[in-house]
Structures are given as C-alpha cells and as structure tokens.
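Listed in order, the protein sequences are those of chains F and A. The opening position of the first sequence corresponds to residue 1 in this note's numbering, with each subsequent residue numbered one higher. The opening position of the second sequence corresponds to residue 1 in this note's numbering, with each subsequent residue numbered one higher.
Because the hints were derived from the structure by calculation, they are not lab data. C-beta: ideal position from N, C-alpha, C; glycine also. You can take every hint at face value.
Quick list of the computed label-pair ranges, beta carbon to beta carbon: (1) F/E190 / A/G83: 47 to 53 Å; (2) F/D89 / A/Q11: 26 to 32 Å; (3) F/Q313 / A/D55: 37 to 43 Å; (4) F/E179 / A/D60: 35 to 41 Å.
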Amino acid sequence: MKGVDALLADAALRDPAKTALVAGSRRISYAELNRRAEHIAARLRDCGVTNGDRVAVSLGNSPENVAAIFGILRAGAAFCPISLRAPDDKLAWIVNHCRATAIIAEGRALAAATALGTLTAIDGSESALDPPDDWCAQPFVLHVQEPTERLAAVIYTSGSTGRPKGVMLSHANILAATESIVTYLENTNEDVILCVLPLAFSYGLSQVFTCVLSGATLVLEPSFAFPPVVLETMRREKATGFALVPTIAAMLARNSEIPGAQGLRYVTNAGAALPVPHVKALKSLLPNAKIYSMHGLTECIRTVYLHPDEIEQFPDSVGRAIPGVQIAVVGPDDHPVPPGVTGEMVVAGPTVMLGYWDDIDATNAAMRRGPDGQTWLHSGDLFRTDEEGRCYFVARSDDIIKTRGEKVSPREVENVLHELPQVKHAVVVGVPDNYLGHVLKALIVPWEPDTLTTRDVLKHCAKRLEEYMVPKFVEFRDELPVTDSNKIIRRALTDRPKESAT
Amino acid sequence: MSDRLEDKIKQFVIENFLYGEPEETLTEELSFLDSGIMDSSRVLELILYIEETFDIKVEDDELTPANLDSVKAVAAYVRSKTGVLA
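This is chain A alone, in the form it adopts within the complex:
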C-alpha cells in the first residue's frame, strides 16, 4: 500500500464505510456528509482511527466539515496537526 496520507485515509474509508459502493465513487474531494457516507457513529470511528494511527488528539472544536468531510480535508488536517509531509 502506498504511504501517501491520502491513500491511507482513503483505504480506511473504503474498508470501513464504503463497502456497498464502487470505490471509484470515493474521490478525494467527495463530501462524506453529502454523499451519505458519514453519520455520527462513523465520525466517532474516524476520529478514533485518526487519533490512533497518527497519534494526535482531535479536539472537540476541530470536529468540523472543514477538517473531516473528505479524504483531502482529513489529510490536510492530519498534516496540520503532525507536520508530516508524506
């Protein structure tokens, strides 16, 4: 598997949230909320995944669409928290 942050996150979303639909539908910009991929229990799962995988703490006021509503947004958010450039 690629080490690219976007690919890692995409893989998580595909394996955990997307098994009903073709993977091609998950573009990096696709809004999780608008596409119905995300709901409140899944956001919890996504947060746990991000916290464990990237060893960061997601603050409550960071649970926004700007940070978490697409593969691209999550990757940018993780980069901003860790300073990782991968």
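So that you can see chain F by itself, here it is in the shape it has in the complex:
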C-alpha cells in the first residue's frame, strides 16, 4: 500500500502538465510540484533526516508549503505544521516536544527556529526552495513499514489540561479521510478548489490532500481579509469549490450578489456551526452551489457531513457519518443514547488517529474500547441526533472553548495569565459570538486593585499565546465564585450576561 506522498507522484504521472497550484501570478504544474517535493526530500535526507523523523513546517499559504509537506513525507518523515503566527515560545515548545530534527520555515518562525540551535532550520520562503535548473531527482527507495501504522503527521491541538497535544495521524488515516471526502464532495480533476484557510489548520490541510487525490487545481490565498481580492481570484480562476468557516460566510453574506462565485459547484463549512441566517443568505447568493455543513476534529480529520439536499430542511444539522467512518452518540456508560438525548460523539474507523505524541494518558483517555469491543475515539463534542440519525452540535463536554474554529483550553490561557505577578485568580470563559462560535473572556482578580490594565494583560497574552487564544475581553473583579475547597466554579461564570471591558 502506498503512502500519502504517492498521491502527488501519481497525479504527476497521470497529467504532468496539469496546473496543481495557483498562488498570485504563480502557476505550478503537477510535474513541477512533484519535482519540488522530490528536491526537498533529497535536501532533508542530505541533512540527515531519516524514516520516522518529525520535520516541522511553519510557512504561509504558498506552493512552498505544499511542496514541503509532500517532500517531508517523501523523505519518510512526518510533518508537523506550526502556525506562522505561533509565538516563538510555542514554536520552541512544539519542536522540542515532538523532537523535530528539522524545520522548514520563513520569516519570524525561521529566525526563532534558527536561534534554538537544536534542529536544522531550512529557509522555505519563495525561491529559497527552488531546485536548481539542472537538478534531477535521484530515485531512492524507502524501506518503511506498511502505511497503516506509519506516521505521516503530528498536528498540535489544545488539550483540556492546558498542554497542547500532538495528534499522530498515519498515512492510512490521511488516505482514508481524503478518499471519503473526495467521495462525498464528488471531486474530480476538473475542480478548482480555492483555499484561504491556513494550511497549518487541519481543515485547510485537507484541501491540499483532496485536491491532489482528485488531480484538481488548488488556488491558494493568504487569507480572506480582503474579500474583493479573493472574490476576484475566484472569478479569474473559475473556482468550483470553496472551504468556508462561519467568519467567511458572514463576510460573504454581507454581499447583495457575488458575480465571481457563480462557477462554484460547492462550498463547505466546518470549524463551527454555520448560523442559520448565513445558510439562507448563501443559498440565495450561490444558487448553483451545494452547501456542505460538516464537523471534524484533528484526531480523525472529519466526522459527519450533511447531504447538501437536506440543508434547507435541516440548516442546523451537520448530518451523518462520512463514508467509511462509524460514529455514535453515547452516554457516560459508552452505550448509544436515544435520539434527542445529548451525548458525546465517538468515532471508529480507519481515520482515527494513532494517538497523542508522547502522551499515553491522554491517548488512553480519548481512545477507549466500547461495549462492542471496538476502539472508539471520544471527541469531547456533545451532540444529539434526530430520529433519522442526523447530528446536531450541542456543546463541548469539557472546558474547551471553540473559537474561530480552533479549540482553546482555558487552562492554557489561565496558566499564562498567572505568570503576571499582579494576578491572584484568573479564569477564562467563552462568550457566545455569532461569527466566531465563542470569544474568550478573561476574568481577573488582582492582588491589589488598579495594578493591572487590560492592555498589560493582552500584551502579555499576545507574547505568549497564539493569536486566537488571546482573550477578546478582560474584566477585573474583586472576587470569583469558589467552592468550599477554594476551587473556582467555572460553570457559574459562563452563564453570566456579557460585559465588555475592552
């Protein structure tokens, strides 16, 4: 059985001249992308990277990022994506934790990694990874295990204990999920998929694999910050597929018409539930596009999707299991609950991760044998189903807050807040937000009143945390509700009316 890197080699063999990637004015064919990946693989092998190593990638949405991912896999290593916006501390923590032997990075991330001195830092900025004109790939054969067990990626996600967890995905996991996605989205080599989501984000990353498996064209944009720029790209490239998160849907819904979007065959939404008014707006703005409402988690890539024919009747549902995957909504005894009753979504099948990197306790807590003898991944997401088995997201089962489609552990943020010497108590809660799912609010009790400002708090957080983890609101209080044992009652804080203190 072939690995994920074979998807690219196969696509390059089938149709070498076909455009694989478009980024601004750059157009890269499958043959060229494959050559770039081979060249990166050769460079990594020359640096001593070997089978089973982890190689971090911290690059923007560029052809170099895609080539790096396939190059790392081709070299027999696993890639570890790190957001280009991750603070230096977080980057250092991740590369140390997964013991990365090399990193391909640009900008500040490259400088931070180089300063560590513990791993090979390779400049991945535009043109720095170009193979010399006379370079020819030297064929080499990897002697590796079967891909079912072989590690392809370590992707860090927030854990409820406050320490990020490295989700280990095998080649087989990625292949199974990609095949499933391509099946229900009905992707073909005629698709032109527009991706504005960061490739370090599991949903952005899956655009790369679905595109390469179907031999389609992937159009990369750095972000959706300036919609007219993206919509012009969409029009120019005649995009047929577009991956959304609710923020982007909200920006689209502001338009009265989207002339550049008339070629869209489908749009997908994941990361957080699509608000019902946005579903209606998208339906009327994009009459030709099928709308896929989906749910996923890094640990198994994708769980459920709603068949687009059902979106008008069930706009708040994310549907049923994707092909090849089993899901169930279970109670505390791990037995399925009846329709209408809230339970935890559990997942079984070939997409379920190998476990968390170097974290056996978290792995055992998440992957448990069910009453049927199978191992089920416990998602931590609470759902209910209707009589026909469609799933509806209810809440998280733990304290994790979902914001902008990312998971945030309040503890990770609270740990950082407690680093400030003026802070006596700090609690981070989620405040519902129409666009972002939830936004973070920090409630702080200082040792002495008026010793700390909102700005001090935000400045400190921004230095130590990724941007989406920085609280949106900060509120100073004299006290927080505590139990008899002096433990702060988080639940008592989440239902309070919103107050803005910024």
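Got chain F; can you put chain A on it based on the hints?
This is chain A only, laid out in the frame that chain F set:
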C-alpha cells in the same frame, strides 16, 4: 490624544490588533496583510470601527487593500468618504 485621523486609526490598531509587538513597528505605511496584523475577523472589526466612528458605510466593493491595508490607506479612504480634512 491627537485629533489627527492617522493617529486615531493607529491607536485603534495598536489597542485592538497589535498588543504583542512594539508599537514602533506600526508605521503608517505598514501593510496590515503582509505583516500578519490582519485576518478576516479583524477586517470585520476594523470595518465596524470605521463605520461607527466616522459614520460612514463601507461598501463591499471597497474592502480592498488600497482602502484598508495600512493606517495611511484607511485614513485616505475615510477622508474620501467624509470629506474631513483633519
């Protein structure tokens, strides 16, 4: 605080988007997008701020880098919409 339009906008960006980095990095010409200051949810915030503060309506086809990608661009854009010369 200064009444200069550029300073007002700069202050908003510093307070809402820039708290991690030294303020000196925010020159009036700095591209929000290239420097990683801006993303789609922040553009929404910036638009809401401009609409509320200067009492203008930002049209969808005006959401371009030419209008919104730097302190200088935003100030010029607001001036063009309001005719304010401050």
